[in-house]
Structures are given as structure tokens and as C-alpha cells.
Amino acid sequence: MTLPPAFEEWFAQRGWAIHPHQQDMLDRKDLSALLLIAPTGGGKTLAGFLPTLIELADGTHDGLHTLYVSPLKALAADIKRNLRTPVEEMDLPIRIEDRTGDTSATQKKRQRADPPHILLTTPESLALLTSYEDAPRMFAGLRRVIVDEIHALSESKRGDQLMLALSRLEALAPGLRRVGLSATVENPGAIAAELACHPAPCPILQADPGPEPDIQMLVTDEQPPWSGGGGKYSIPAVLDQVRQHNTTLIFHNTRAQAEIFFHNLWLANDEGLPIGIHHGSLDRAQREKVEAAMVAGSLKAIVCTGTLDLGIDWGDVDLIIQVGAPKNVKRLVQRIGRANHRYNAPSKALLVPANRFEVVECVAALEAVKAHDLDGDPKGSGPRDVLCQHILIRACAGPFEADDLYAEVTSVGAFAGLSRVAFDDCLDFCATGGYALRAYDKWKRLLKTADGAWQLRDPRAARVIRMNIGTIQDTDTVKVRMKGNFKPLGDIEEAFAATLTPGDTFLIGGQIVRYDSMRELSVQVTRDANKVPKIATFMGTKFATSTQLQQRILRMFQQDSWPELPRHTAEWLGLQREISKLPERDRILVETFSFEAREYLCVYGFAGRNAQQTLGLLLTQRMEDLGLHPMGFVATDYATLYWGLDPVTDPTPLLRPETIQDGFEHWLSGNAVMKKTFRTAATIAGLIERNLPQARKSGRQATFSSDILYDTLYKYDPDHLILQITREEALEGLVDFGRITEMLNRTQGRIDHVPLTRISPLAAPMLLERGRIPVAGAAQDRILEETASLLMDNAGLSQLPQ
Amino acid sequence: MTAHPFTFAGLHLQAFPSGALWIAAEMTLVVSDLHFGKSDRIARRGGTLIPPYENTDTLERLDADISKHSPATVICLGDSFDDLDGVAALDDSHRATLTRLQAGRQWIWIEGNHDPGPVDVGGTHRAEVEIGNVAFRHIATPATPEVSGHYHPKLAITGRSRPCFVYDKTRLILPAYGTYTGGLSAQHPDLRNLFADHAIAVMTGRKAIPVPLKRKVPQALPGRWRGSRP
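Protein chains in written order, with my numbering: chain H, 53 to 854; chain R, 5 to 234.
Be aware that one or more of the hints could be misleading.
Stated by the list, open to error - Just a sample of chain R residues kept apart from chain H, beta carbon distances all over 12 angstroms, derived: (1) 42; (2) 71; (3) 127.
Stated by the list, open to error - Reference listing, derived: stretches of chain H covered by chain R, where coverage requires no fewer than 3 residues with Cβ under 8 angstroms from a Cβ of chain R: (4) 482-490; (5) 509-518; (6) 766-776.
These are computed hints drawn from the structure, not numbers from a lab.
Idealized CB from N, CA, C, for every residue including glycine.
Work out the full structure: start from the sequences and follow the hints.
Written out as C-alpha cells, the structure is:
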């Protein structure tokens, strides 16, 4: 279709020509689903909205026409601002509003009674909207749904929740058209299949990807260190780059690393270049200040984490620096896309390996980017905990027929293969708890009415269900405040806060603070003049290196020489080949050696950090059973290094698949990570209520840990739905057992044991790694007992009768 | 199993790692805050449907303590039932187990704030009882020496927090014995300030381990409420 004259004129006034992909979107606007893949800065948003603006231009549409869903509240606000320009300049009769967790209650109420033409929202707010009894009225006239940054949503359960909500909207407004907007991804077909209203197709539209990015490794005078993840050595070179560019984004893989780097950057920033920090643990007011400064162009650089990954237009960024190996090529490419929003200029990026091994990883990633070889693991079928939540949300909106809901759910790509039995299990879980012991016949959550429809037994339950909508995993965090003025600095995990004792110093918001006390769920701190914090880190996400990138590294290891690597790194690999072996793709290399009265065992599994850590926990358990007295281990993305009192003479039995599988099954019964996984699944599925701040604050004795529920369920009902889900989830994420299985399949028991008389070059950096995990095992009670008796002695408790 | 033996107001007592208290001279076992029927109560009130196995689990552990020590008297120190309607939630097998455990011994239900009235599952219902000059009641009062429950004391020294006994020279508070029970940190002012400066907590678990409590703190500490609210 051609642009209407008013639009034609508007484009002309701005001196723009319509991009080919924007025209394509317009031509194919009547398709039931369409996925646009376009690089950042390609006018993606306008491409998505153009058909809506044209359809609404004559002012005849009443009520909601287009729903826009994005993963970030900030993105919704940003888009609202950007859409205002064409709407105002063309004087279009269109009302645009956003609706997120930040929208006021009055505004939300009004939006339900009198919805705008275009509503900008998030998956969670949309799920909540579909839970109201008036949802059919509100969505009756809906014509289009635009899902922005769909590649980001698709990586988590938020995407699954959104697609289930869309299946609901399709029932309320048949013939609804769906548009997905995505950054460059490795498998657009998979995202299209998720977006489609199954079995209808979802064609893919590829925009011109623009020129190849200019991406290199940052060359520094100083060599990268052997271990660690901070990249501190690169600071002079990074400052030099910042000086030469308008605005630089300096990405880090974890919040802790961003904090440390930012701190060190300022220690070296003699000229006082305006440099800010931005990550998810910072207080919202602080973050907004940095964002405003970025938009205003008053910052030279921003040290940040993934919170800046999404497509918000932050102004004139012309350089991306990635500190630490990117771990994942797709994420790297998307980050590079943040630089240079002028469509036809190449994006510029520099990689800074944090240590010697990461040099190899960075070179492998550079080659992958050049080869357009993006990584990503195929997703499993739709998660059942999200389905359970969807069933409960559906019940909030009013009575429903199981057959109808099953038909809706299986129109979602991820749930297309869901069997009726599996669906009924989830429905039964929502209705009765799904326990082997049929205990809740009297107090079911959902009841079947005389005419066969399902409804809530107690309508008051709707409130609880609505309050628990969402799939984002909350960790318990506490606020950090400056003592005296109560200025909030950010959040830290409660588990980290619990380890602090008064006087401990740590980094937050780029400054070193001293822990003073805990008060009303906030940590009180004072400023500290020291230059080095006592406690270097607080927990953050650790990304595991992707399978594809690992394969590339293993292929590189098989080269005769490494002209593409810096000499220091090539020589290091050469030495490893000479003294021991370089790991191979289809074999597991195991090295053993003694060092300072400890026996070491190094297993090169190349399974990613989380899986290598799980392997660490499983193997130390096995070693303890065999009386090998393991004392600890450390895991990296490529290997796990164990140490203990006794040498392992034959590692083969330790690494038998059945041994590892048995260990995993046993591990399920008591492991803390499993309990955390259970808690997430149980919260999403509605088995337990979310840990709301007010509930924690009220602190009643009635509150008890979800760990108790896990233990009880595991003991009395091990096949329960939520435990099945927990086992499935453990295959990825923090436990990542799936990558261990992948390693075992890939190597098929081919183990190369190399006994050495000295530390191998590849294992040496691991001895310097942080994050060593001591083996607790049976020693745990002894430690407790010793601590307790020491305390008893110190307290001089002889005056109390024993 | 290693118990923690101690003398309290003239009574020779043992704190069991299970959370039960043993008075050898009286052949008496004391347990507190069993909270039978917790999951039923939550479900009845339109809450979530948590695993309905707490009655079975609590009874299994109580059965083990009773079988091992064959007490002449069992005192349940209040909040034995999560509410009085929860008695109806006991199924036939739970009732049969209780009847078997009660056979041949005195069984006293002390009333608690959750279960203030009599229950129809055998045993005697009492507001409080005395052994020697020590009162056994549900909630601590100024009238010491006394043994009570109610607060569900917990403590963490290394790692996870565990239910614990807390005592000084005149007051002893038992941990909650029921499977679905949360807890209040023994350092929380509401609990800590019931005791003298020198007080001892006895951790439950594989062994009963005594540890001194920190001195009283005037300032309010955050309650260490762990986990989710089911």
C-alpha cells in the first residue's frame, strides 16, 4: 500500500524516505502474524506502528486498537515520547497511554473503563488486565499487538506468559494481528513460531542489516593477568578510548565487576571525565539521573551491565567496550548494535579480555561475529508453571470451559505439543493441589459448576492470584542507605547482607561504604575513605559461555599454531601442548598433579561455569564417598579444579555417566540450589505466595520457609507436578545439568588422564581464581559445634547451670 | 542422638535434638506448637494449596520420640492445632496414630492462642500444669519459673537458621515441633528481652548444641523471616 498523503508529506517534511522494511511492513499489514528482524536504529518502532497510525488516522475507531508490549517499563515511556512527534505533527486523532507497575491506581481504573487507542504495556501488566472480569469489553475492538524486543522476552518465561496472554486476546478479539520486532538473532524461525497463532504461519521480514560492525580486541601495553574478571589492567587504554569518542558504553558481565571497574576507573580519571554507572542494583532515582544525563549527552562514558541492553535510545553512543569475554556471541552482536544509531554507519566495538584464557575466548567470539555464527540453545516446550499461573489468571476473569482453554493454550507455539493429559494435570494442580493424598476435596481452589465450567471456589482468592502474577524471579533484596540522611544507594541480596559484620566495607554505586547496622530491612552504611573494599563483591548473574563459543575454542585448540592470538597467549597454549595436552572436543581431559601438599584433579569439561560448578558439587560428593577427602573446588567456564588430601589415581569411574546421574538424583533431595529452583517454580505456579515485602516485615511466626515445603513434598509426594517442573528446570539455569549431559554424550566415556609432576599451564590460572568452594559435607556439624563451644567459652557461661 | 542436659529451677532436663524436652524424673516428654491442620486452614481461607503432609510428618517424628523414651506423660504445650476447626482436618489414620500414642499414658493438651478450647482426640485439656514449682504454659508470663512455647525461637550461627530452645535461670522457651512452623530469631528483641543478659540457646538438628545468646540489644533488629509465606 502507498502512504496516505498526510504521511507522505510528513516524511517529506522531515527529509526522510520510507525504509524498504517499513514499506514491507505496511504492504503485509493484514497478515495474522509477522516478525521483523532489524538492527538497532533501523526505524523498527515506526515500522511497527505505521499501519496503526494510518488505520487510526480517520478517527473512526472507538476504544483500544493497538497494544504495544515491551520488556521494560522505561521502553514503554520512551516509545510514548517518540510516537507523540508524528501524532502531533500530523494532528492525528489518536490517544496514546502507557500502563506499567508505575501507573497510578486512578489512571489504571480509568484506562479499563475508557481505554486509549494505543496502550503501551509490559507482559505482567497485560496478564493482569486479562484477569479482570471486564477484559472482554476492554479488548473487544483490539486490532493489532506489537511485541517489541521479542528476542529478549523470548529468552525467559516472560515470553511464554505473554504468548499465553495473546492466546486469550485472540479469543476476545478474533482476527487480531500480531507483529514482533526483534534484534538480530540466530534462529528467527524459532521466535516466529512462538509468536504465531498456531498453526497459522508467521512470515519473517529481514531488514537490511547495515554495514558490518568494526570490532576488535583492545590492544594494551600491559598483558592481561592470568586470572580474575575485572579487567583492571586495561583502564589506561579504556580511558584513552573514552577520550577519543563522544559517548562510550562500557559493558560488564556482572554488577560486581561493573562496580569494581567503575571505582578503579575513577581512581585513574585524573581529568575528571564525566563517567557514570548504571546497573539493576542501583536505586531507581540514581539510575534515572544517569539516564537523563545520557540523553542530554553530558556523559562521556557509562559503565553498565545488561540493563542497558535493550533498545532505548540513549543518545549519541559511538563506541561499545565489552570488558570480560562476551560469553555469548548473540548478546555481543546485540550490544554492538547499541553503538551508532545512524543506520548506515558501522558500529564500533572493542573487546577487553579480563584474563589470559579470555583472550582465546575473545578471538573466538570475534571470528564468530565475522562468520555471522550466532549462538543459542533450542528452547524446550512451554513451561508448565507458567501454564498453571495462566489457568489461575483465566479463572479470575470468570468461569471457563476446560476444552476452550485447552484449545487456546495449544494455539501458542511453545504449548502446541501439550497433551491433553498434561494440560489436565496442570488444571488439577490449580484446582486441588494435585497431591497423591487427595486432601483438599473440601477446599478446592477451582470448582466445576453444574454446567461443567470451572470457577474459583472463593472469589476472594482472585486478589491473591493477581498479586502473584508474573514470572520474574525475585531475589530477596534489602535497601542500602546512607546512615543519617537515609539516602538510598541501591539494593543488595539479603543473603549477602547476612554475611556482613559491622565494619565490613563493600562497593555500591561506585563508592566504598562501611556496614554499620541493619534497620527495618535496610542496610545502614557510612562513607569509607579507604581505596580498597574489604569485601570485593556481591552476587550477580554469572553467564555461562555458550556451547557454540566453547566449540569454537576447542576447534582453535586443534590448530598447529595460533597466528591470530597475541604472542603471550599463543606461547601459553604451546606450552600446555608440550607439557600436557590441549583439550579436545570429543574427549574429557583430566590432569592430576600435587602442589604444596595437596592433590589436584582438573577436569576440562567445557560445559560452562554453572554446569562445571554442578559437576564440582557432584564429584566432590562422590570423592567423599570414596574416602578421597576432597577439600574444595573451583569452577570456570571450561574446567573444574578439585583439591584434597588423597590423589585420584583413576578418574574414569568418577566420570561414568551413571555415577554422575545417580549423584544428581541424590543431590535433588537436599541441595540448596534445587530448593531455590523449586521456590521459583512453586511461586510461579501459585503453590506459594510471593515473598512480599510487607509479609516479611510483619514477621509473624506463621511465616515459614519454602524449603520445608520442598523437603516435605520430596519425602511424601516425589512425583508431584511442581517437583517434576523443578527437575526439568535444573537441566538449565544455575544447575545446568543439561550441559553436563551434553558433555557426557559428546565424549562418550573417552577420558584422557594425564598425570603430571607439575601444575599444567592451563590449570595454573585456576589456582588463582576467586570463588573457591570448600566442601562442607559431614564437616558442617563439626564447624557449628566448634563455633558454638568457642562462643560458650568466650561468654564465660559458667554461671548458668549446665 | 545427643541431648543437651541442663538443670533448670531444680529440674534435671534434657533438650532433645528433635526439639522435644525430656524430664527424666517424671518420665515426661514436652513438645510445643505442633500446629496440626496448618495446610487445611490455609486452604479453607482461600489461600494456596500447600502440600498436605505436615500432620503425617509431625506425627512420625513424635512417634519416634515416644517410642524411644516411652514417657508416662506427654505434654503438648499449646498451639497443637492450627485452629480448632483443624481438628476436623485430621484424617482417620492420623486419629488412629494419636490414639495409639496416647494409649497407656497421660496426655495433656495445654491450651494455646490457636487452640483455646478442648479437642475431641483423647487426652486432657488444661490451661497450664505445674511440675515442682515450674509452670508449663503456652505463652511466657512474668510468673516464673516457667516453661513455654509460642515464639518458635530460631537461630543461625553458621549457615541456615534452626529451631532452638532458649533458657536462662528462670525461663525456658521451647522450639516449635510442628513441621510447618516458621520462627522468630532468638535475637529479636521481642524474644531476646524476655531473658536475662546471660541466656543460652540450644540448637536442634542432628545434635543438640548449646550456644550463648548475644546480650540484649536496645535497638530494633529486623526480624529474620526466611522463606515464603505459604
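Now the hints, each set against the structure:
1. 42: violated, 8 angstroms
2. 71: holds, 19 angstroms
3. 127: holds, 24 angstroms
4. 482-490: holds (count 4)
5. 509-518: holds (count 5)
6. 766-776: holds (count 4)
In the structure shown, a violation is registered for the earlier hint numbered 1 alone.
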